[in-house]
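> Sequence:
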Amino acid sequence: MNEKIDLVSLPKKSFWKLSVPIIAFCIFDALYGIVDMVWISKISIEATFAIGVSIPITSLIFSFGDSIGQGTNSIMSRFIGSGDYESSYNALIHGMIFANIIWVVVLACMVFANGILYYWDQADSYVMVFDYLVPIAVFAYIFIFNNLFCETLQAEGNSHLPTILMISANILNLILDPIFIFNLNLGIKGAAYATVLSAFVVFIIFIFWYISGRTKIPLSLKYFKIRRYIFVEIFKVALPNFLDNGLWCFSASFINSILFMTMGEMGPVLYALSNKLKSLLIAPVRGYGRGLMSVTGHLFGAHEFKDLEYMFKYVLKISFITILIVMIVFIFVSNYVFSLFSVTGMENEVFWIAIGGTVIMLAIPFSMISSKMLDGFGKSMYSLLFTCIKIIFELILIYALSIYLNNASCVLIGILVAEILAAIAYYLFLRHLFKNFEDTYSEKSTVKTFNDEENLIDAEQETKDDNHKISSKIPSIIALIALESIVLGIAYILIKYQSHELLLSGLIAFVIGTISYYLMERLNKPILSVIGFLVNAVLIFFLLGNNGYMATILLIIVGAILLYMKLIFKRIE
Numbered sequence: 001m002n003e004k005i006d007l008v009s010l011p012k013k014s015f016w017k018l019s020v021p022i023i024a025f026c027i028f029d030a031l032y033g034i035v036d037m038v039w040i041s042k043i044s045i046e047a048t049f050a051i052g053v054s055i056p057i058t059s060l061i062f063s064f065g066d067s068i069g070q071g072t073n074s075i076m077s078r079f080i081g082s083g084d085y086e087s088s089y090n091a092l093i094h095g096m097i098f099a100n101i102i103w104v105v106v107l108a109c110m111v112f113a114n115g116i117l118y119y120w121d122q123a124d125s126y127v128m129v130f131d132y133l134v135p136i137a138v139f140a141y142i143f144i145f146n147n148l149f150c151e152t153l154q155a156e157g158n159s160h161l162p163t164i165l166m167i168s169a170n171i172l173n174l175i176l177d178p179i180f181i182f183n184l185n186l187g188i189k190g191a192a193y194a195t196v197l198s199a200f201v202v203f204i205i206f207i208f209w210y211i212s213g214r215t216k217i218p219l220s221l222k223y224f225k226i227r228r229y230i231f232v233e234i235f236k237v238a239l240p241n242f243l244d245n246g247l248w249c250f251s252a253s254f255i256n257s258i259l260f261m262t263m264g265e266m267g268p269v270l271y272a273l274s275n276k277l278k279s280l281l282i283a284p285v286r287g288y289g290r291g292l293m294s295v296t297g298h299l300f301g302a303h304e305f306k307d308l309e310y311m312f313k314y315v316l317k318i319s320f321i322t323i324l325i326v327m328i329v330f331i332f333v334s335n336y337v338f339s340l341f342s343v344t345g346m347e348n349e350v351f352w353i354a355i356g357g358t359v360i361m362l363a364i365p366f367s368m369i370s371s372k373m374l375d376g377f378g379k380s381m382y383s384l385l386f387t388c389i390k391i392i393f394e395l396i397l398i399y400a401l402s403i404y405l406n407n408a409s410c411v412l413i414g415i416l417v418a419e420i421l422a423a424i425a426y427y428l429f430l431r432h433l434f435k436n437f438e439d440t441y442s443e444k445s446t447v448k449t450f451n452d453e454e455n456l457i458d459a460e461q462e463t464k465d466d467n468h469k470i471s472s473k474i475p476s477i478i479a480l481i482a483l484e485s486i487v488l489g490i491a492y493i494l495i496k497y498q499s500h501e502l503l504l505s506g507l508i509a510f511v512i513g514t515i516s517y518y519l520m521e522r523l524n525k526p527i528l529s530v531i532g533f534l535v536n537a538v539l540i541f542f543l544l545g546n547n548g549y550m551a552t553i554l555l556i557i558v559g560a561i562l563l564y565m566k567l568i569f570k571r572i573e
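Read in order, the letters of the sequence shown correspond to residues 1 to 573 in this note's numbering.
Mixed in with the good hints there might be a few duds.
Stated by the list, open to error - Below 27 Å or equal to it, Euclidean Cα-Cα: the simulated BS3-like pairs (lysine-lysine) are: (1) K17 - K225; (2) K379 - K444; (3) K17 - K444; (4) K13 - K225; (5) K278 - K42; (6) K216 - K17; (7) K313 - K444; (8) K306 - K222.
No lab work stands behind these hints, which were simulated from the structure alone.
Build out the structure end to end from the sequences listed, making use of the hints.
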């Protein structure tokens, strides 16, 4: 099969053709989430609290398939844009292999879930949280592949089928929810069972659609050949998107801790409801971003850089106007909307959420649209870097404000400032990329192709060289991830112990780690990162004494691993 797929000649038309169905799905999916929350709120406030606590974890599970799907979508779109159709067929199978591996990882992580949830809440709400999460996690395979197939179909220009199927699943879920929750008296377990059953129906249809050959991009092993380049390209987009969601899950748990301390159970409930409403209000922009990502991949593969810049400005403009209209309407109906969830007597809090949320929402299109364009380019690592910096800044600001304000407004202010700064950074960075695309890719392709035997050997050699370069950077990648994890871990501990010594040590660790990472990259000497971690370990030990024992051990272990990897790669070279 080699059916022509053209999203390049009329990019604006292609964008709307892809975006409208996705927007419809995003809106309906968000409405489903809200209605689902309404049903659960009828059980008890504890059930609503349990769902609020579960949202970060379920979002993480769903994001596995979504992230792999976006990575597969990106490389498939670039292959199609460059005219290499068979490699796009091959990329589909690589994405499915990735998804199977990730499912095994999810099941392995379930071993630790019980202890983590019990640590979070040892009361009755803990039991409800676990009751809801177990079915979702056990059947994660279904959700992972549903999200993957949605993205791969969009890569071939078909967003109608995924939209119809996912909306149908949500409708079925809404029908099953009250039956499972109330009629069968399953409570919060019923909500989880209804979600799994409705997703399973869609999964069967997706599998049938591909196996029966009804797609433009066929699912066939005759096109399959393992290529490390494809795995790397999927990974380069999937990992940042997953870590983006993972960092959001961590920050959501952090914020829930702050809100629980300042407002009790109602704090996390309000935050969960705000996120549900945010999903609805931002749905059009999410649809614009998803549609733009596929078009971006095709244009980028075809070297249509002027059209790329035009589409960026065009989509950004319509996204901003859409959000402005949506938020004006929301301000007037915010009290009524929150009352649907049995939230009463909190008119002042709801008012400030609506006002602050409006400013936040007006900033989000800049970061969301820019992020999706980076996904289309296959440059999602930049998006991850921006997200890491934003979340670290946001959490530090929230914690600092919580000390002085001692109320929940610190959360709203912290998120607002961080989103505005992130929007500015994203916009300026995309402008910088557009100015340099012509020079960067004037004499080289934006994606490696495998169209003919003559180019195949050269492409394979380039792939090996790239893989070697990537491997040599593994210590620096681990250093960055470890640095962010340690800083976020220290920030989380701050909430529990309210310790200024911990705050000081965390800031020192962040500064030293950042400097060592920067020098390591500039001077190409990973050993500097190891030295930075060891210096951090010594400082934290002296600052915190016995309280810093575990952090010290972890830092020393990370430093030793990095040194070992450096020696191994030096021998390979």
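> Hint by hint, note whether the structure agrees.
Results for each hint:
{"no.": "1", "hint": "K17 - K225", "verdict": "violated, 32 Å"}
{"no.": "2", "hint": "K379 - K444", "verdict": "holds, 16 Å"}
{"no.": "3", "hint": "K17 - K444", "verdict": "violated, 30 Å"}
{"no.": "4", "hint": "K13 - K225", "verdict": "violated, 34 Å"}
{"no.": "5", "hint": "K278 - K42", "verdict": "holds, 21 Å"}
{"no.": "6", "hint": "K216 - K17", "verdict": "holds, 16 Å"}
{"no.": "7", "hint": "K313 - K444", "verdict": "holds, 26 Å"}
{"no.": "8", "hint": "K306 - K222", "verdict": "violated, 37 Å"}
Checked against the numbered hints above, the structure violates hints 1, 3, 4 and 8; every other hint is satisfied.
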